[in-house]
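> These are the residues of each chain, in order.
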Amino acid sequence: MQAKRITLFAGHYGSGKTNVAVNFALRLAAQGKAVTLADMDIVNPYYRSKDSAAELEAAGVKVIASAYANTNVDVPALPQEMYSVTEDQSRYVVLDVGGDDRGALALGRYAPAILAENDYHMVYVFNASRPLSRTAEAALEIMAEIETAGGIPFTAIVNNTNLGKETDWETVLASRAEAEKLSQISGLPLLFTSVEESVLPITERENQAVFPLKLQKTIW
Amino acid sequence: MADKILMKGNEALAEAAIMAGCRHYFGYPITPQTEVAAYMAKRMPKIGGVFLQAESEIAAINMVIGAAAAGKRAMTSSSSPGISLKSEGISYMAGCDLPALIVNVQRGGPGLGGIQPSQSDYFQATCGGGHGDFHLLVLAPSSVQEMADLVAKGFDLAEKYRMPCMLLADGTMGQMMEPVSLTETKPEAHDKSWALTGTKGERRPNIINSLALQPQELEKWNEDRFARYAVVQENEQMAECYMMDDAEYCVVAFGIAARVSQNAVDAARAKGIKVGMIRPITLWPFPEKVLKAAADKCKAFLSVELNMGQMIKDVKLAIDCKKPVGLCCRTGGMIPSPEEVLAAIEKMQKEGN
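If you read the sequences in order, they're chains A and B. Here the first sequence stands for residues 14 to 233, where the numbers follow the working numbering. Here the second sequence stands for residues 113 to 465, where the numbers follow the working numbering.
What the hints contain is simulated information worked out from the structure, not anything from laboratory work. Every residue, glycine too, gets a C-beta built ideally from N, C-alpha and C. Errors might be hidden in some of the hints.
Claimed, not checked - Per the computed footprint, the stretches of chain B lying under chain A, defined by three or more beta-carbons under 8 Å from a beta-carbon of chain A, are:
| hint | region |
| --- | --- |
| 1 | 117-125 |
| 2 | 143-154 |
| 3 | 176-187 |
| 4 | 282-290 |
| 5 | 378-390 |
Go ahead and model the full structure; you've got the sequences and the hints to work with.
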């Protein structure tokens with residue numbers, strides 16, 4: 014897949030946007046591209062892309078995040094540097110958008126410039142294991158809400174169906190029909206299916222439609 | 113796996129409340145529990161329930177008093193500073209013998225504190241949580257599944273003993289996502305003839321208040337309530353024992369601290385240290401029986417907490433200070449690493465021999 018200059022990952026909260034965005038940025042960096050990962054989440058207090066900042070920066074990815082992410086300061090502030098996402102067109106950008114329409118609201122400020130440049134993919138992250146977005150129809154509703162709030166129409170879908178640490182390949186296979194249905198009813202291409210790398214069967218390792226993810230380890 | 117879904121702890125407890133028959137939620141947003149209110153706001157209107165964002169925490173708990181007095185399964189949720197605001201209402205509920213579920217997804221304190229996880233409201237939850245002589249039932253989940261399971265249990269216990277019940281979680285529990293399997297639960301049938309449901313001209317009015325005109329009368333109320341608490345203490349203690357059969361040392365930890373400690377116990381076992389863990393699930397009533405039994409076998413105890421050392425006092429009381437009790441703690445939103453807990457276990461072993 015030919016990467017656009019800006020790739021935005023948005024969707025229902027808890028769908029795994031941050032994990033997909035972090036891994037996507039690492040992949041672009043591995044291809045030798047100059048990449049910025051911008052954390053635009055103004056909703057989630059914990060488990061943010063800033064948790065992966067050390068790994069991203071070691072791989073050469075520049076990280077833009079609120080100075081208040083992962084602190085005790087609970088304010089929905091974005092740094093001034095966020096403007097470089099649209100103003101510096103020499104770099105690839107991966108945008109980690111906050112969950113749901115509320116999270117996508119902050120995107121509106123940057124939408125006109127992103128639309129004017131017209132070199133972006135607005136990607137909906139689908140997780141059929143999340144209770145309020147299990148079906149293609151429910152996901153389509155959330156997509157419409159996000160588009161209204163963020164001001165950018167979706168251009169693609171990725172299937173990130175997972176059950177956290179209990180994800181197995183069956184979980185992923187079982188979600189395929191629903192992800193394809195979402196692609197059909199939305200008229201948008203399914204870019205890839207993302208799967209935690211240890212879950213991926215050997216037979217699927219060469220499959221270009223599957224995107225292996227490395228996840229942060231927890232201490233519990 | 114088809115029946116499992118991926119949920120945040122906050123969402124799981126909200127859905128579990130709906131499945132347990134709760135149709136009255138009164139809340140006010142505060143990090144890290146806002147997802148409870150957000151989830152209820154989406155779901156309750158679709159099932160004919162009530163979601164009401166009150167003008168304050170104080171208003172919300174008083175609305176819970178009203179709904180509970182009418183015999184309904186009612187709940188509220190908040191995080192530490194918000195629970196302090198609710199504490200007057202919680203005391204009134206205890207005084208009125210009203211059942212309800214109060215969720216505290218704890219964050220660091222005191223004062224405004226922070227938004228990161230904490231267990232520093234242990235004293236507040238287990239020693240009453242408001243003025244006057246009273247107790248709450250206090251349940252401490254340590255997984256998203258248990259967040260859900262203890263909601264139905266909490267409502268049932270609250271109605272059985274006519275006591276408010278607190279689900280004491282922390283920010284990590286509320287925010288973490290894990291697979292969960294939810295099933296509709298049928299509320300236990302408990303007598304609610306005390307509820308304010310309208311006399312329909314067929315009975316004398318029920319009165320629910322916490323006003324006793326005579327001191328003798330108030331003393332009697334307190335004594336009756338404590339007689340009931342004694343039954344709760346006898347019958348409702350819950351704890352999980354991990355590797356305790358041959359344990360010479362015992363870690364005591366609840367909630368997220370127990371998750372981290374379990375990894376430390378595994379690492380210590382790999383090093384040949386005979387250590388186990390008791391994980392209190394009910395913080396009140398504190399699981400004294402299982403601790404007392406452990407005191408006869410174990411050489412030393414280690415309390416692991418996300419505070420400056422609160423549960424450690426209950427551990428010492430439970431074992432009558434028969435054995436030394438050490439403390440491994442982090443606070444302010446910090447979580448001890450399994451390595452820190454392992455080092456504390458090794459220190460306990462060295463000092464115990």
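> Are there hints from earlier that the structure breaks, and if so, what are their numbers?
As far as the earlier hints go, 3 and 5 are violated by this structure, in ascending order.
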